[in-house]
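Take a look at the letters that make up each chain.
Protein chains: 4
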Amino acid sequence: MRPELRPVESVRKLAELGAWGINLHDNDLVPFDATPAERDRIVHEFKQALNDYGMVVPMATTNLFFHPIFKDGAFTSVDPSIRVFALQKTMRAIDLGVELGAQTYVFWGGREGVDAEASKNPVEAVKRMREAINFLSDYVLDNGYNLRFALEPKPNEPRSDTYFPTIGHMLAFIYTLDHPDMVGLNPEVAHEHMLGLNFVHGVAQALEAGKLFHIDLNDQKGPRYDQDLRFGSESIKSMFFLVKLLEDQGYDGPRHFDAHAYRSEDEQGVWDFAAGCMRTYNILKEKARRFNADPEIQALLTEINSGNSEHAALFNGGYSKEAANKLRAIDFDVETLASRGFQYERLDQLTVELLLGVR
Amino acid sequence: MRPELRPVESVRKLAELGAWGINLHDNDLVPFDATPAERDRIVHEFKQALNDYGMVVPMATTNLFFHPIFKDGAFTSVDPSIRVFALQKTMRAIDLGVELGAQTYVFWGGREGVDAEASKNPVEAVKRMREAINFLSDYVLDNGYNLRFALEPKPNEPRSDTYFPTIGHMLAFIYTLDHPDMVGLNPEVAHEHMLGLNFVHGVAQALEAGKLFHIDLNDQKGPRYDQDLRFGSESIKSMFFLVKLLEDQGYDGPRHFDAHAYRSEDEQGVWDFAAGCMRTYNILKEKARRFNADPEIQALLTEINSGNSEHAALFNGGYSKEAANKLRAIDFDVETLASRGFQYERLDQLTVELLLGVR
Amino acid sequence: MRPELRPVESVRKLAELGAWGINLHDNDLVPFDATPAERDRIVHEFKQALNDYGMVVPMATTNLFFHPIFKDGAFTSVDPSIRVFALQKTMRAIDLGVELGAQTYVFWGGREGVDAEASKNPVEAVKRMREAINFLSDYVLDNGYNLRFALEPKPNEPRSDTYFPTIGHMLAFIYTLDHPDMVGLNPEVAHEHMLGLNFVHGVAQALEAGKLFHIDLNDQKGPRYDQDLRFGSESIKSMFFLVKLLEDQGYDGPRHFDAHAYRSEDEQGVWDFAAGCMRTYNILKEKARRFNADPEIQALLTEINSGNSEHAALFNGGYSKEAANKLRAIDFDVETLASRGFQYERLDQLTVELLLGVR
Amino acid sequence: MRPELRPVESVRKLAELGAWGINLHDNDLVPFDATPAERDRIVHEFKQALNDYGMVVPMATTNLFFHPIFKDGAFTSVDPSIRVFALQKTMRAIDLGVELGAQTYVFWGGREGVDAEASKNPVEAVKRMREAINFLSDYVLDNGYNLRFALEPKPNEPRSDTYFPTIGHMLAFIYTLDHPDMVGLNPEVAHEHMLGLNFVHGVAQALEAGKLFHIDLNDQKGPRYDQDLRFGSESIKSMFFLVKLLEDQGYDGPRHFDAHAYRSEDEQGVWDFAAGCMRTYNILKEKARRFNADPEIQALLTEINSGNSEHAALFNGGYSKEAANKLRAIDFDVETLASRGFQYERLDQLTVELLLGVR
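Residue numbers (my numbering), protein chains in the order written: chain S, 1 to 359; chain E, 1 to 359; chain U, 1 to 359; chain F, 1 to 359.
Don't take every hint at face value.
Repeated chains share a single entry, so a pair holds when one copy, or any two copies, can fit it.
The calculated DMTMM-like cross-link candidates involving lysine to aspartate or glutamate, where the alpha carbons are at most 25 Å apart (straight line), are [said to hold, decoys possible]:
id, residue 1, residue 2
1, 127, 303
2, 237, 33
3, 237, 247
4, 285, 248
5, 321, 131
6, 326, 266
7, 285, 353
8, 237, 226
9, 321, 95
10, 285, 38
11, 237, 286
12, 127, 248
13, 13, 208
14, 237, 294
15, 127, 138
16, 127, 181
Everything labelled a hint here was simulated from the structure, so no lab data went into it.
Using the sequences provided together with the hints, build the complete structure.
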C-alpha cells in the first residue's frame, strides 16, 4: 500500500520519535538472495546509521515464513533439506544479529504447523522443534555468543494450526530443552487475543517463572485475523493491566512495538502510529502509578485482601504433618464465609473511572 | 430438567452399557453438609454397588466450584480462610478417593480466576496455586497414598478468566512444582475447543512430555459456552485424529467421557447418550486402524516424508562443531525445494473419504 | 449466590439510585404456578410500589426459557402443544404488561434453536416463528393495545444454535411479518459481542431502518459464555461509540441495563453495580459531547471527509442515463487517489486520548 | 507460492474435471491497467475458450478491494472520487459480465468497513452502500440486462469490521433497496463460520425468503483468518446439513466453490483440490438421499414431530378472536409436556453413524 522505507531511513526517523532501539528480521535488512559482498555493504551502512543516531538493535530474528521454501514450515517441515536449510539460515542470522549487538534472538515459527492434520505426526513435530532449538542453543554456546532465545507463540495464520500456540504451550516446551536457562518467551498481545486469552495472566505466568525475555506490544480486536494494531488502541483495560504488571514487577526488557499502521495511511500516518504506540504506553504507565497511589482504591484493596491471619499463616512454612492436622481440625463458619461480599464491582468501577480520567 | 439419578443406580446402568469405571466429585456422592455417619453409610453402600457390578473408580475429584463459599475461587481466593477450607475439603476428598480405589486425583479449579482484573495480583495467584498443589502433594506422599494428580485446565466459565487456561499453561505450571513427577494433566476436548485450539496438538505435547495422566472426552461447537456434548458428535475429523493419537501412542489411561446429554432428553436419552459416546470412540478407533492399513494413504505418507537422507542424518547426533560446519557449507537448491508440492490436498481428501466410509 | 430480592424492594432501591423505570419477565413478578388470586394480589402490590416511588414499567416480556416445558423451545418446539402453550403464556403476559403500563414488549427466544441439527427443519422453524409473531401482533391489534414488539437476538446459550442469531437476521425476519411496522429490535451488547460482531454497526443499521425500539446495555469479554457484565466495564472504546451513536442520532427509547453483578458480590455490591452502569453511561455521554466539540478532532474529521465536490454531487439525484454517462466518462487520477493518506491513526489516537481523559 | 495460471488454461482444466462453469473477478481476466484494445483481445480469446470447452460464466464480479485506491473501501470510502470510481469500474465490469453471459452479479465489499471506528458515521455508511446498489440496479434495468445482484457478506478481513457482516445483516439491507426483487445473497461458508455462526440456519433463512441467488462453498476451521479451505474438508457435519438443505429445498442455482488449495501444493495439488470439492459435495448429496430413505431415522423423525393434532391445527388459519379465545381456555398438562424426552441424542447418533458410513 505504501512505498517501501529503507532500513537506514527508519533508524533516523524512529530516533527522532524518541525510540531507543530497532529490531529486524534478517531479510528486512539483507535481501534473501543477496551476495556476501552485498550483505557486507548493507550491514556496514546500517551499523553506521545506528551509530549516527544512537540507536541499538536489542533483538534480531530470522524470517522463516515468507519465502515459498518454507510453505510447509521450517524446523518442522516434512522435508529434511528444508529443516536443515532453516538451521543454516538461522545460524547466519544469529551471526548477523550478534554483529549488530543483539542480545536476544526471537524465534517465530510462522509456518510451523499444519493445514491437513494427517500430514504430520504432532508428537514428531514437537521432537523436531526441540532438536532445532537444542542445536542452535549449542551453536550459540559453542561460539561464546552473549545471546538468549525468546520463543514467540502464535496459534494460527498463515497455517491453520501452529505448534505451541500459546504462551503456555511454549513455556512448557522450554522446560524440556537441553538449555532451558537460555530460552524464554517473546509473547505478543495480538497472538493471545486471537484466541480470546487473557494476555495479562499469560505474561504474569511467564514473568513469575523468570521467562519473560522480550515482549511484542500491539493490539487486536479479538478472535479474527492477526491485526497488529497500534498499542492500546483497542483493549484499553487489558493494556492498562499489562503495563501495570510490567511496571509493578520491574520488567527490565524492551517494550517492543510489533505493530503496523492501518493500510489507509501514508508515510505521515506511519509516524503518527509509531508515536501513538509510545505515547499510549506512557499514558497507561502514568495511570498505573496513580492507581497505586489512589487512597480509595488502595484502602479497598487492603480490605479485600484482609482475612483471618491465623489461617493465612497456617501453611506459610509449607506442608508438615502438624500443619495438616491443625488444618483438618478447623471448624469453619461456612455460612459466613459464603456470604462475604468481595466488593469487586466497586473496585472495577473505580478502575474504569481512573482509566476514563474522571478520578 | 430431569429427576436426579442416585449414584448407586448410575453404577448399575453404566455397567450394563459396558463401561469399565465411574468417576465422582466428592459431593456427587456425599452431600456437602452430610454428617460423618451419613458419609460412612453412603460410601459403604456405594462400594457395595461397585463390587456387585464389577466397576471401578479410577479417578476422584473435589467440587471446589459449586458452593457459594467458592464464589471467588478456592486455592486462589483472596480470603485465607477460604483457601484453607478448600485444602481441608480436598484432603478429605483425597481420603475418600483413595478409599474407593482411585489412583488419579483430578483438580479442576472452576472458579480460580477473576471477573475484575484488579481484584487479584496474577503473579500472586500463580504462587497460591503452587502452594496448594505442593501442600497436597506432600499430604499424599506423607500418607503413602498411591495417587497421582491430574490438573484440568479451562479458560473461562463460570469466571471471566481462569488461571492456567490451556493444556500449555497448566503443563508449564507443573514444571515449577515441588513434585512434578506425580502431577500431570487431565485435558478436556471442550475446554480447548472453547478457544479454538487444536486439541490433538495439545494432547500430543502432553503425551510427548509423559504428562497425559487422564483425559476428558466430549465435544463442543467451537468458541461459546461450555457444552460437554456427546463425544464425537460435532468435531468428527478432530476426534478421529485424537483417537488415532491415543491409540497409536499407546495411551493406557482411562478414556473418560465427561459429557452430559442434551437437556431435551429424558432418562432413556441419557443412556442413549452414554452408549453413543462409547460407540463413536470405537468406530473412530476402527477408522484409525484402517487409516494405518490403507495402502494408498500409507504410500502417500511415505512419499511425503521422504527426502534427502544425508540431510536427514546430518544432525541426528545433535550439535557438534563438525556438524555445524558441514551444515553451513551446504549449497541448497532453493528453487527446487521451494517448488515442491506436498500433496496434502490429496492426503486430506483420502482422509475425509475414509471418515465418510466411502473408501 | 445471594438471597432473593423482592420485586417491590427492587423498585424502591432502583428509584433511590435514580432509575426511571424497571422491566420484568412475567415470572419475576408472578410465579409460574401462581393462582389467579395470587397473581392479582401481587400485581396490585407492585403497582402500588411503582406509584409510591414514581417508577414506570416501560417494557415487559415473557419467560419462555426457564421452565423445563421449554427445553426444546417455545414457538419453534417440535411439540404443537408446547407451541400453543407458549402463545397462551405470552398472551397472558402481554395483558399483564399492558396493565402495568408497558409500551414495548420484548421477545427473547432463549431456547428457540437446536442442539442436534437433524431435529428440526430450519426452514420450518422460520415459518413457525413468523406464525407466532403474526398471531400475537394480531392479538395486540385486536385488543387495541398500544404496544410494540421488540425482538431480541442471541446466537447461542442455552441452546447450541439459536434461530435469528444476530441483529441482522432478526431485522431481516421482521420485513417478512404481517405487521412489520409494529415490530422492531431489542439488541443486546453481550449477545453480539459473543460472536465478535461490531455492536455499534449493528445498532446503526437498526437505527437507520427505524427499528431500534429498545436496547439492552451490558458488557462482555468477547466470544465466550453470556456474561451480562456491568455496562462499560470492558469494551470501553466500543461502548463510547455506542453511546455517541445513540446520543447523536437522538435515540429516544429506554437505556435498559440488562446485566447482573458478579457472583462474588453481596447486596451492596449489586447496588454498586447498578449505580456503575448508569454512571458509566453518563461519563461516556459527556465524552461524546466533548468529542463533538473538540476543535482538533472536528477539523480532522472535516478534512478526512473533504474531496472532489463535483464527484460528490454527481449522483445526488440518484440514477439517470445522463448521470451514468457523465460518470462513465470521468478520467480518474488513480495514482493520486491511491496514494491518499486517510489520517486514521491520528484520529484514532486522539479518540483514545480523549477516552483516557488526557485531552 | 505457485506460478500463475492463465484464465484460458483454467477453463480447459476445469472442463476436464467436470465443472460446468467458471466465475471471474474483472481483474482476474482483464488487468487493472489494460487498454481498451487489450481488453477486447483478452475477452475475445476467453470467449473462444468457453465455447471450445462448453463452459459457461454464470456469475461475474468486480474487484473492489485489491488495488490501493480501495484501501478505505469503495462505495463507502470517505472520498467521493473513490466512490464514483468504484461505480464506474463496476458499470464496466457489469458490461463485461453480461458480454460473457453472466446472469448473476456478485458484490463483495472487501474493504467496505473501518479500522478506526471514528473514521466513518456508520449510519452514513449504510446510506452510501444503498445509494450505490440503487444506482447500479437502475443501470442494469436501464440497459435491459438480464442480471440479478447477489450480495456477499463478510464480517472482517482485510478491514477490522466490514459493514453488513452476516447473511442476516445483508438480507435486512436488501429490503430497504429501491429494487429489492433483483437483489439477493451470495453467502459463503467461511465468512459465517469465522463468527461461529450456524451457516445452515443462515442459508435456510435466505432460502425461505427467496433470496439465495448464489452460494460460495468452501470450509473454515472456526473463528480465525479467512481460510477458503476445500469444501467439506473440516466441518463434515455442518456441510452435510448444508447439502441436505440445498438438495431438499430444490435450490437450483450454482454450487460455486470459492476456495483455494493449501499453499503447500503445486499445480497437481490444485487440481486434486478442485476435484475434491466436487467429489465431497456429491458424497454428501448421496448421504442426504440415504438419510431421507433410512427407515429408522425417518420413523424417529415422525415420532419426534408428532403431538396433539388439535393443538397443531388451532391456529392454522392464523389469528381470529375465536382462535385466541379457544387457545386461552386450554388447560395444559404442564407436567407431562415438561417431562417429554425428545430423543435427540438417538437421532444425532444415527446421523453421525450415517455420516461415518457405518449404517
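Here is how each hint holds up against the structure:
1. Taking the closest pair of Cα atoms, residue 127 and residue 303 come within 25 Å of each other only across two copies (21 Å); inside a single copy the shortest separation is 49 Å, beyond that limit.
2. Proximity of residue 237 and residue 33 under a CA criterion of 25 Å is satisfied in neither setting, with 44 Å inside one chain copy and 41 Å between copies.
3. Taking CA atoms no more than 25 Å apart as the test, residue 237 paired with residue 247 passes in both settings, with 15 Å inside one copy and 24 Å between copies.
4. With identical chains, the CA atoms of residue 285 and residue 248 are at most 25 Å apart within one copy only, with a shortest distance of 10 Å there and 33 Å across copies.
5. Within a single copy, residue 321 and residue 131 get their C-alpha atoms only as close as 44 Å, which misses the 25 Å cut-off; across copies the closest is 16 Å, which meets it.
6. In this homomeric assembly, residue 326 and residue 266 never come within 25 Å of each other (Cα to Cα): the closest approach is 69 Å inside a single copy and 31 Å across copies.
7. Taking identical chains as interchangeable, the C-alpha atoms of residue 285 and residue 353 lie at most 25 Å apart whether they share a chain (16 Å) or sit on different chains (14 Å).
8. For the identical chains of this complex, residue 237 and residue 226 are neighbours both inside a copy (20 Å) and across copies (20 Å), given an alpha-carbon limit of 25 Å.
9. Proximity of residue 321 and residue 95 under a CA criterion of 25 Å is satisfied inter-copy only: 15 Å between copies versus 55 Å inside one chain copy.
10. Neither within a single protomer nor between protomers do residue 285 and residue 38 lie at most 25 Å apart by alpha-carbon distance, with minima of 43 Å and 57 Å respectively.
11. For the homomeric pair residue 237 and residue 286, the shortest alpha-carbon distances inside one copy (14 Å) and between copies (19 Å) are both at most 25 Å.
12. In this homomeric assembly, residue 127 and residue 248 come within 25 Å of each other (Cα to Cα) only across copies, at 16 Å, whereas the closest approach inside a single copy is 37 Å.
13. For a Cα distance limit of 25 Å, the shortest separation of residue 13 from residue 208 qualifies neither inside one copy, at 36 Å, nor across copies, at 44 Å.
14. For a Cα distance limit of 25 Å, the shortest separation of residue 237 from residue 294 qualifies both inside one copy, at 17 Å, and across copies, at 24 Å.
15. In this assembly of identical chains, the alpha carbons of residue 127 and residue 138 lie at most 25 Å apart only when taken from the same copy (16 Å versus 32 Å across copies).
16. In this homomeric assembly, residue 127 and residue 181 come within 25 Å of each other (Cα to Cα) both inside a single copy, at 19 Å, and across copies, at 20 Å.
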